[in-house]
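Residue numbers (my numbering), protein chains in the order written: chain A, 1 to 275; chain B, 1 to 249.
Since the hints were made in silico from the structure, they are not lab data.
Note that the Cβ used here is the ideal one computed from N, Cα and C, for glycine as well.
It is possible that part of the hints are untrue.
Unchecked claim - Partial list, derived from the structure: chain B residues whose beta carbon lies under 8 Å from chain A:
(1) P74
(2) G75
(3) A76
(4) Q86
(5) M128
As the list claims (entries may be wrong) - As a list, the in silico DSSO-like pairs of lysine-lysine whose alpha-carbon atoms are at most 30 Å apart:
(6) K154/B / K184/A
(7) K190/A / K125/B
(8) K154/B / K173/A
(9) K190/A / K154/B
(10) K173/A / K106/B
(11) K184/A / K226/B
(12) K69/B / K173/A
(13) K173/A / K24/B
(14) K190/A / K24/B
(15) K173/A / K226/B
(16) K270/A / K125/B
(17) K182/B / K173/A
(18) K182/B / K184/A
(19) K190/A / K106/B
What the hints assert, rightly or not - Distance ranges between label pairs, derived from CB positions:
(20) M57/B / V268/A: 34 to 42 Å
(21) L131/A / P109/B: 55 to 63 Å
(22) R129/B / Y233/A: 37 to 45 Å
(23) M57/B / L116/A: 22 to 30 Å
(24) T10/A / M57/B: 50 to 58 Å
(25) D172/A / E31/B: 24 to 32 Å
(26) G17/B / A97/A: 23 to 31 Å
(27) T15/B / V268/A: 36 to 44 Å
(28) A224/B / P14/A: 53 to 61 Å
(29) R21/A / P109/B: 50 to 58 Å
(30) Q83/B / Y258/A: 34 to 42 Å
(31) Y119/A / R211/B: 38 to 46 Å
(32) M128/B / F189/A: 20 to 28 Å
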Amino acid sequence: MKKRNRNQTTISVPHSLYLKREKRRKAAVRACQFGLLFLALGLWEAAAQLKIIDSFMFSSPSRIAAEIAGLAKRGTLFTHIFTTLYECAIGFAAATAAGVLIAVLLWWSENVRRVLDPYIVVLNSLPKIALGPMIIIWFGAGVKAIIFMAVLISVIVAVLSILNGFLSCDPDKILLLRSMGGNKFQILFKLVLPHSLPDIISALKINVGLAWVGTIMGEYLVSRSGLGYLIVYGGTVFKIDLVMAATVILCVLAGFMYFGVAAVERRVAKHRGGV
Amino acid sequence: MEILRLENISLTYHTPGGETPAIKDLSFYLEEGEFLSVVGPSGCGKTSILSLISGLMPPSGGSIAVCGKRVTGPGADIAYMLQRDQLFEWRNVRGNVLLGLEIQRKRTPETVDYAESLLCKYGLKDFMRHHPRQLSGGMRQRVALIRTLATSPKLLLLDEPFSALDFQTRLSVCDDVHAIIKGEGKTAVLVTHDISEAVSMSDKIALLSARPATLKEMYRLKFAAKTPLERRECAEFRKWFERVLKGLA
Numbered sequence: 001m002k003k004r005n006r007n008q009t010t011i012s013v014p015h016s017l018y019l020k021r022e023k024r025r026k027a028a029v030r031a032c033q034f035g036l037l038f039l040a041l042g043l044w045e046a047a048a049q050l051k052i053i054d055s056f057m058f059s060s061p062s063r064i065a066a067e068i069a070g071l072a073k074r075g076t077l078f079t080h081i082f083t084t085l086y087e088c089a090i091g092f093a094a095a096t097a098a099g100v101l102i103a104v105l106l107w108w109s110e111n112v113r114r115v116l117d118p119y120i121v122v123l124n125s126l127p128k129i130a131l132g133p134m135i136i137i138w139f140g141a142g143v144k145a146i147i148f149m150a151v152l153i154s155v156i157v158a159v160l161s162i163l164n165g166f167l168s169c170d171p172d173k174i175l176l177l178r179s180m181g182g183n184k185f186q187i188l189f190k191l192v193l194p195h196s197l198p199d200i201i202s203a204l205k206i207n208v209g210l211a212w213v214g215t216i217m218g219e220y221l222v223s224r225s226g227l228g229y230l231i232v233y234g235g236t237v238f239k240i241d242l243v244m245a246a247t248v249i250l251c252v253l254a255g256f257m258y259f260g261v262a263a264v265e266r267r268v269a270k271h272r273g274g275v
Numbered sequence: 001m002e003i004l005r006l007e008n009i010s011l012t013y014h015t016p017g018g019e020t021p022a023i024k025d026l027s028f029y030l031e032e033g034e035f036l037s038v039v040g041p042s043g044c045g046k047t048s049i050l051s052l053i054s055g056l057m058p059p060s061g062g063s064i065a066v067c068g069k070r071v072t073g074p075g076a077d078i079a080y081m082l083q084r085d086q087l088f089e090w091r092n093v094r095g096n097v098l099l100g101l102e103i104q105r106k107r108t109p110e111t112v113d114y115a116e117s118l119l120c121k122y123g124l125k126d127f128m129r130h131h132p133r134q135l136s137g138g139m140r141q142r143v144a145l146i147r148t149l150a151t152s153p154k155l156l157l158l159d160e161p162f163s164a165l166d167f168q169t170r171l172s173v174c175d176d177v178h179a180i181i182k183g184e185g186k187t188a189v190l191v192t193h194d195i196s197e198a199v200s201m202s203d204k205i206a207l208l209s210a211r212p213a214t215l216k217e218m219y220r221l222k223f224a225a226k227t228p229l230e231r232r233e234c235a236e237f238r239k240w241f242e243r244v245l246k247g248l249a
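Using the sequences and the hints given, assemble the complete structure.
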């Protein structure tokens, strides 16, 4: 085991140069990231203004901005955002909770795990959209069906990745707790869950993305509002500006949610003394 | 006082491929404060003996008693120290040491005080809030030993606790662990494949035969030297080493 030199106060000249270089590189990467975005937007706008591309087919940044402003003025923008956000958040939370619970159940009993294994494999490879019509019939053409779609699409992956974390626990550590007289509950709460926290968080990260897929897919199937609805509606009436506007908002929301989970991950890592 | 008694222990493993007799008709006993090492050819079921004593699995035949009570499952009288330190990375040193007390629902101000006093006594006072990854291999092993002592067990079971350490560290940790166990007056059973380790640490050495394991010889060691390192310097060390080695062949 190496001990870390945390309390080093004097920094040598080569090291300070190295730190400076690293800092500069970081700044350059950030600048390029933004530069790329502005370049793409600029080229797109220029091509539309100079009529190199047909802005009716391909829209343009200014038209998208105008569309979003229009939606905001009519007051429907936030209704749509709220609807989708609400469905996605509920779906995400439900899928994560169900994922942890099912993973605990499968970890608890090896027999249950063996019995259910082929079913999970099949469910995992099944394209969940195929169940769309069934879900609509069972849950009605509404928010419930959309949330169920979001849960369905993300829960299996969540179960598999969390269970994987549970099973990667060192058998000798389990032996240690058993030799202390620990029961299965104690092994779960004192060892397996804290050990798998990083796996649970990485499952959250995957789930954020999948919950968005599920929500938008659900909205494609049944909806009267939401960003998915805007996209489908825009597509049908050939309003590419609307489709693009909804997509841009979706990008921003999904990005925020992902960074939220990433922030939780950093906090947990820090709490554990950093890795 | 007699701490441990094994009587006519046998153990048979069952696998889909058939059954394997691992231990046959094994008997020995241990007095309070004695340090026993179990040596034998590799794969002879040394670790299984510790699993049996700790109550993690029942023997196929015979009986085991700790402090006069028959072992039927893991209990608070016994503490098990495994090959690697098995410290929990997400708990600090103090949290790791208190683990056994939490599991056995014995965490009270008194027992916590006792655990902390052990940490202070054995040089870990300033490391209580450190996480395991900030410690050296030898210190981690010391924390693991104090974790096993914190529940005040009567009998310590050590399953090659030094095998993951490099040779230098190993010698000093051996000394360290021996001093702590003797200092606390504990009875211990050490499983090892290293004869020199067994000779340097033990009061008794149980030599097992190849599978199915049975007791081939019980050596009672007498040394003027106290610590394992001093023993290694003694003239008798070589003599005992060769005797055990010959017995093993």
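Legend entry - 30 Å limit on alpha-carbon distance, applied to hinted pair K190/A and K154/B: holds, 25 Å
Legend entry - Cβ distance range 50 to 58 Å for R21/A and P109/B, holds or violated: holds, 53 Å
Legend entry - Restraint check for K190/A with K106/B, where alpha carbons must lie at most 30 Å apart: This hinted pair holds, its Cα atoms lying about 15 Å apart.
Inset, instruction - Measure nothing beyond the straight line between the CA atoms of K184/A and K226/B; if it is 30 Å or shorter, mark the hint as holding. - result: Violated, at roughly 42 Å.
Legend entry - Agreement of hint P74/B with chain A interface, Cβ distance less than 8 Å: holds, 4 Å
Legend entry - L116/A and M57/B - C-beta distance against the hinted 22 to 30 Å: holds, 28 Å
Legend entry - Distance restraint between K182/B and K173/A, which requires alpha-carbon spacing of 30 Å or less: holds, 26 Å
Inset, instruction - Could you say whether the range 37 to 45 Å given as a hint is met by the Cβ separation of R129/B and Y233/A? - result: At 58 Å between Cβs, range violated.
Legend entry - Hinted pair K173/A and K106/B, Cα distance within 30 Å: Holds, at roughly 20 Å.
Inset, instruction - Return the status of the interface hint for M128/B: holds when the least beta-carbon distance to chain A is below 8 Å, violated otherwise. - result: violated, 14 Å
Inset, instruction - For the pair supplied as a hint, K182/B and K184/A, confirm whether the alpha-carbon distance does not exceed 30 Å. - result: violated, 34 Å
Inset, instruction - Below or equal to 30 Å on CA atoms is what counts here, so check K190/A against K24/B. - result: Given that 30 Å is the threshold and the Cα spacing comes to 37 Å, the pair is violated.
Violated hints for the displayed structure, listed by number in ascending order: 5, 11, 14, 15, 18, 22 and 26.
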